[in-house]
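Protein chains in written order, with the numbering used here: chain A, 4 to 117; chain B, 290 to 402.
Since the hints were made in silico from the structure, they are not lab data. Incorrect hints may appear among the rest.
As the list claims (entries may be wrong) - Simulated restraints, written as ranges between beta carbons of each label pair: (1) A:Glu69 to B:Val387: 44 to 54 Å; (2) A:Thr58 to B:Ser384: 38 to 48 Å; (3) A:Ser12 to B:Thr372: 30 to 40 Å; (4) B:Met316 to A:Val32: 46 to 56 Å; (5) A:Val32 to B:Glu306: 21 to 31 Å.
Claimed, not checked - Here are some chain B residues the structure puts well away from chain A; computed CB gaps all over 10 Å: (6) Leu330; (7) Arg333; (8) Ser356; (9) Asn373; (10) Glu390.
Glycine included, C-beta positions come from ideal geometry on N, C-alpha and C.
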Amino acid sequence: AQSVTQLDSQVPVFEEAPVELRCNYSSSVSVYLFWYVQYPNQGLQLLLKYLSGSTLVKGINGFEAEFNKSQTSFHLRKPSVHISDTAEYFCAVSAKAAGNKLTFGGGTRVLVKP
Amino acid sequence: DVKVTQSSRYLVKRTGEKVFLECVQDMDHENMFWYRQDPGLGLRLIYFSYDVKMKEKGDIPEGYSVSREKKERFSLILESASTNQTSMYLCASSSRTVLYEQYFGPGTRLTVT
């Protein structure tokens, strides 16, 4: 079984400042990793994914994440946030042998202040 | 664009009622999922289906059942709603060829009083 921990439940940040959202996972097998975003009153949409290859993954809206196997982490970063980045962000993991099943973290709510 | 729609955005039901939540996807996806979303707990998988009439339990199936009679439609059923089932319910779908990319509907916020 796998599990995901998002270390911050809320992150306030000023507009144009950088932001990092932390995600750690545990799994006894190789995994795929994902970040999803949920804007207010909407469903989730995929920001980026790590399946294999380069450990630095670039996603939509200027976000990127780095897979660190030794630290079992997949932190999400953006160098300069906008008001429109206010949303809840979810880290998710899928064991390669587990088919389509995703395990989600508890979410991090990002509030971008002007 | 993949579109996943859910029958209601908001629903209020009484304890003991039978509740149906409907989900429809228009991309001919084989896999469909039902999650519930609660603050601080993220999303937890209730049931999923990888083909018509096929279903598998997720992590929290107790108190729920599902039905998939057609490929595009996946229903979540609360046989006898209870107050601890008050939550946001999210439906998702994915294809067999792009296994890990799930597309989500907007959610149904269910309140059981």
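Task: 38 to 48 Å as the expected CB spacing between B:Ser384 and A:Thr58, which holds or is violated - done: At roughly 26 Å between Cβ atoms, B:Ser384 and A:Thr58 fall outside 38 to 48 Å, so the hint is violated.
- [ ] Quick one: work out the minimum CB distance from B:Ser356 to chain A and report holds if it exceeds 10 Å, violated otherwise.
- [x] holds, 19 Å
Open item on the list: Range first: 46 to 56 Å. Now tell me if the beta carbons of B:Met316 and A:Val32 are that far apart.
Closed with: violated, 29 Å
Open item on the list: Quick check for students: does the CB of B:Asn373 sit more than 10 Å from each CB in chain A?
Closed with: holds, 18 Å
Task: B:Arg333 remote from chain A - nearest C-beta pair above 10 Å - done: B:Arg333 not clear of chain A: closest Cβ-Cβ about 8 Å, inside 10 Å.
Task: Cβ distance range 30 to 40 Å for A:Ser12 and B:Thr372, holds or violated - done: violated, 24 Å
TODO: Quick one: work out the minimum CB distance from B:Leu330 to chain A and report holds if it exceeds 10 Å, violated otherwise.
DONE: Its Cβ does come within 10 Å of chain A, the nearest being 6 Å, so this is violated.
- [ ] Starting from the hint 21 to 31 Å, judge whether the C-beta atoms of A:Val32 and B:Glu306 obey it.
- [x] About 42 Å separates the Cβ atoms of A:Val32 and B:Glu306, which means 21 to 31 Å is violated.
Task: Outcome of range test on Cβ distance (A:Glu69, B:Val387; 44 to 54 Å) - done: violated, 23 Å
- [ ] Would you check whether the claim that B:Glu390 is not at the interface survives, using Cβ distances to chain A and the 10 Å cut-off?
- [x] Non-interface label fails for B:Glu390: nearest chain A Cβ at 6 Å, not farther than 10 Å.
The structure fails hints 1, 2, 3, 4, 5, 6, 7, 10 (numbered hints given earlier, in ascending order).
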